[in-house]
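Chain order of the listed sequences is D and Z.
So that you can map any letter, position 346 of the first sequence is 346 in the UniProt record's numbering, and since no number is skipped, the others follow by simple counting.
So that you can map any letter, position 167 of the second sequence is 167 in the UniProt record's numbering, and since no number is skipped, the others follow by simple counting.
Take the hints with a grain of salt, since some may be wrong.
As the list claims (entries may be wrong) - Not everything, but these chain D residues come out facing chain Z in the computed CB check (under 10 Å):
#1 Glu-133
#2 Leu-134
#3 Gly-156
Treat the hints as calculated values from the structure; they're not laboratory data.
Cβ coordinates follow ideal geometry from the N, Cα and C atoms, glycine included.
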Amino acid sequence: MADYLLRLAPELILIIGGVLLLLAAAWRGERGVDMVTLLSVAVLALAGVSLLGPASTGGDSFGGLHQADAFAAFCKVGIYVAAAVCILIAPRFFRRAGGTMQPEYPVLILFSCVGMGMMVSAGDLLTLYVGLELQSLAAYVLASFLRRDLRSAEAGLKYFVLGALASGIMLYGVSLLYGFTGTTLFDGIAAAFAESIETTGQPSLGQVFGLVFVLAGVLFKISAVPFHMWTPDVYEGAPTPVTTVFATAQKFAAMALLVRVSAEALGPGLEQWRQIIVFVALASIILGAVAAIGQSNIKRLLAYSSINNVGFALLGLAAGTAEGLAAVISYMAIYIVMTLGSFLCVLQMRDSEGRPVETIASLAGLSRTRPGLAAAMAVFMFSLAGIPPLFGFWGKFLVFDALIGVGYWELAAIGIALSVIGAYYYLKIVKTIYFDEPAPGYAPSDSRLEGGLIAAAAVLLSPLGYLLIPALALASGQAAAALF
Amino acid sequence: MIQAFAFYLFAAIVLLSGAMTVTSRNPVHSVLWLILAFFNAAGLMLIVGAEFIAMLLVIVYVGAVAVLFLFVVMMLDIDFAELRAGFARYAVFGTLVALVLAAEIVIAVGAWSAGSLALSQRVAPTPEGMSNIQAVGTLLYTRYLYIFEAAGVLLLVAMVGAIVLTHRTRSNTRSQSVPRQNARRPDEATRNVNQPVGVGVEL
Numbered sequence: 001m002a003d004y005l006l007r008l009a010p011e012l013i014l015i016i017g018g019v020l021l022l023l024a025a026a027w028r029g030e031r032g033v034d035m036v037t038l039l040s041v042a043v044l045a046l047a048g049v050s051l052l053g054p055a056s057t058g059g060d061s062f063g064g065l066h067q068a069d070a071f072a073a074f075c076k077v078g079i080y081v082a083a084a085v086c087i088l089i090a091p092r093f094f095r096r097a098g099g100t101m102q103p104e105y106p107v108l109i110l111f112s113c114v115g116m117g118m119m120v121s122a123g124d125l126l127t128l129y130v131g132l133e134l135q136s137l138a139a140y141v142l143a144s145f146l147r148r149d150l151r152s153a154e155a156g157l158k159y160f161v162l163g164a165l166a167s168g169i170m171l172y173g174v175s176l177l178y179g180f181t182g183t184t185l186f187d188g189i190a191a192a193f194a195e196s197i198e199t200t201g202q203p204s205l206g207q208v209f210g211l212v213f214v215l216a217g218v219l220f221k222i223s224a225v226p227f228h229m230w231t232p233d234v235y236e237g238a239p240t241p242v243t244t245v246f247a248t249a250q251k252f253a254a255m256a257l258l259v260r261v262s263a264e265a266l267g268p269g270l271e272q273w274r275q276i277i278v279f280v281a282l283a284s285i286i287l288g289a290v291a292a293i294g295q296s297n298i299k300r301l302l303a304y305s306s307i308n309n310v311g312f313a314l315l316g317l318a319a320g321t322a323e324g325l326a327a328v329i330s331y332m333a334i335y336i337v338m339t340l341g342s343f344l345c346v347l348q349m350r351d352s353e354g355r356p357v358e359t360i361a362s363l364a365g366l367s368r369t370r371p372g373l374a375a376a377m378a379v380f381m382f383s384l385a386g387i388p389p390l391f392g393f394w395g396k397f398l399v400f401d402a403l404i405g406v407g408y409w410e411l412a413a414i415g416i417a418l419s420v421i422g423a424y425y426y427l428k429i430v431k432t433i434y435f436d437e438p439a440p441g442y443a444p445s446d447s448r449l450e451g452g453l454i455a456a457a458a459v460l461l462s463p464l465g466y467l468l469i470p471a472l473a474l475a476s477g478q479a480a481a482a483l484f
Numbered sequence: 001m002i003q004a005f006a007f008y009l010f011a012a013i014v015l016l017s018g019a020m021t022v023t024s025r026n027p028v029h030s031v032l033w034l035i036l037a038f039f040n041a042a043g044l045m046l047i048v049g050a051e052f053i054a055m056l057l058v059i060v061y062v063g064a065v066a067v068l069f070l071f072v073v074m075m076l077d078i079d080f081a082e083l084r085a086g087f088a089r090y091a092v093f094g095t096l097v098a099l100v101l102a103a104e105i106v107i108a109v110g111a112w113s114a115g116s117l118a119l120s121q122r123v124a125p126t127p128e129g130m131s132n133i134q135a136v137g138t139l140l141y142t143r144y145l146y147i148f149e150a151a152g153v154l155l156l157v158a159m160v161g162a163i164v165l166t167h168r169t170r171s172n173t174r175s176q177s178v179p180r181q182n183a184r185r186p187d188e189a190t191r192n193v194n195q196p197v198g199v200g201v202e203l
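Excised from the complex, chain Z in its bound form:
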């Protein structure tokens, strides 16, 4: 029972916050709605018994989106003073959203411990006596090792490509040369001068 209730709750909020992501005018609000959508999607994964994917969604997406959020803040010219000005006005609504999120976490944990949603059919059920993460790991590092490693090469190519296309060596920068610094002796760098009175120093 609680699973079905949790499913409709999460699904409705995913859709709602997805719509809000698209329609809200302020890009920062869009990102916040997106994060709410991801949290709810993670809840959906939790009630079908895929805890690993749920954790992945929270860590990767919410983590990545936080970075995206930073980019948005850096790239767009947003006046934070103006944003803070409406604090009192939005406090009620903000608290409401926070309460919804907190309630959802409680419900999600309840639904999860009550067992996963009974699906009409499962293509690949988790083996008995094995946790979700263990099952994923066993497959990932045995049968799908080939693709896993290939994905690693893919990321390497992406990294190399990004560096090749953007890296340039500038001739006018003064970069630090650690070996040269270490090789330098005090007598090369300093000079004892017996400075005569009334004569300008030599630099």
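The following block holds chain D by itself, in its conformation from the complex:
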């Protein structure tokens, strides 16, 4: 009886905490913002602690609808950490953007985390869909949270319409898979795929159609090419802390979901989806790199950077082995730190009157006005580009290593060549920061918390981060092993 409650502990803690904080937010109103913010971080921490128990090893609940395994636990840790940072940086941002923050912001992020947790521990297409919708619905609201700002409202509307379309496509795929396999359980779908491959040599046409539609829906959520069109607009328009949620926690959750569906439900159809994933990965890398070159807005640039990085992570999925899947989640874990750091730096970009600035040109000569911030930014950019002494290199290395492990030499070679194109625009930012004539300086930092977080992220990504490799390898290896 109490057993399955323990396996569901992270979700339960988040839901109960979210509802209680919602009441607090309703009664205290805008006076309670700081309290709700801190308490919601505490709720996330509590949910993280509960992962130490059966929530990470307990196995299936509700007949396989929910899976509490090492993979889910690994992803949930990443999601909760990213969400906590996004909650902590928010009040200051909204205060500067005029007016106060509505206390529902942390509550919506908590509910979004429930959805993300459901996604990464899904064992059934229904759980997958409900989790994805819960996460997305909160995200649509968060995107237009600054409702007086036209760009924010536009971002929310655009995201909502396109997201609803993607959900519809995915739901259609789910119904096809259900119709042609007779079940929505991942295990059952895998068995049905294996059966039709055994009898006819390939999955039935209906199964392949279902697979393609489900993949399309999930690829939209990780903003891989050709489902990426919404990303730059939404990332640019949404308030910066919300963009940080989208680029870190949400992307990690959707990527983990894709890994789980591909490995557990569609595993026997590897040959069918591998070609899709390879195409999508290469297209994302190329488009992310090339389209980023002409950008003048730092948030748009980071959006293209996220498309580019998702492409690299997908290469690991294309390998299809346990090493490949471990590489994907390791890559995403490192990517979360890099992206959190970059967006924290974007939050520091304010003109002398405290208004947020988003142009890349305003970064010129930052090394002379704010040397610490400039150095951190340089670390994040070099790391995103995957330049060796920094930790970002390790993720790319793991992915290419996994590809070579299954004999995809050509793919690995193409990936390495394409990462050079990507390096160009990252290096251009570093050049702007260090070698251009100084632009008017930014307002001085007014938050120790943000400064501390930037420093922590920079230290993690510096060569010191390599000390974490054994722990990361152990955790991601266990996580990937749980999928087979």
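Fit chain Z to the given chain D structure using the hints.
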């Protein structure tokens, strides 16, 4: 036999009224056609033995569509006097549609009591000795409890989101404060004045 007849009848009318929903020029007529389509879809569900879904269709969709209908009426500028003007002209057609609907209900009940349509295969048959609603309920509150509760959270998020995005506190409204009203005593609110003659009252 009656099931097959009912199936073709309902299916044909669903398609027909669906087409009419799209093509009719008057939005109010569109909504009415849509309601007819939903009723027939409910009939289809009834003859495959899914009474619960049939009831759900009627209650949720027709109920929800009635609300939608209200919205259409409120949002669009429709001249009701003009609509009523054609009453005599449309009376025959309207009666015809009503008769069709009444006949369908009779046929649906007949088809339903004659047993459900024999499908070539059923993925998830209803367990023996259990009504449809009972079977759905047993699954919904045991195995699918997790998703059911998650759907509840989903609706909560939708509600919170709608309020967050639209609610604003206006400073110039005069809202009622019940505690303040209750705390008020007669001697604070009234004043006895001995009004001298020939002097204006003080307000």
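Structure-based check of all given hints:
Restraint check, Glu-133 (chain D) versus chain Z: the minimum CB separation of about 6 Å is within 10 Å; hint holds. At a threshold of 10 Å, the smallest CB-CB gap from Leu-134 (chain D) to chain Z is about 5 Å, leaving the interface hint in force. Nearest Cβ of chain Z to the Cβ of Gly-156 (chain D): about 8 Å, under the 10 Å cut. The hint holds.
Violated hints: none; the structure is consistent with every hint.
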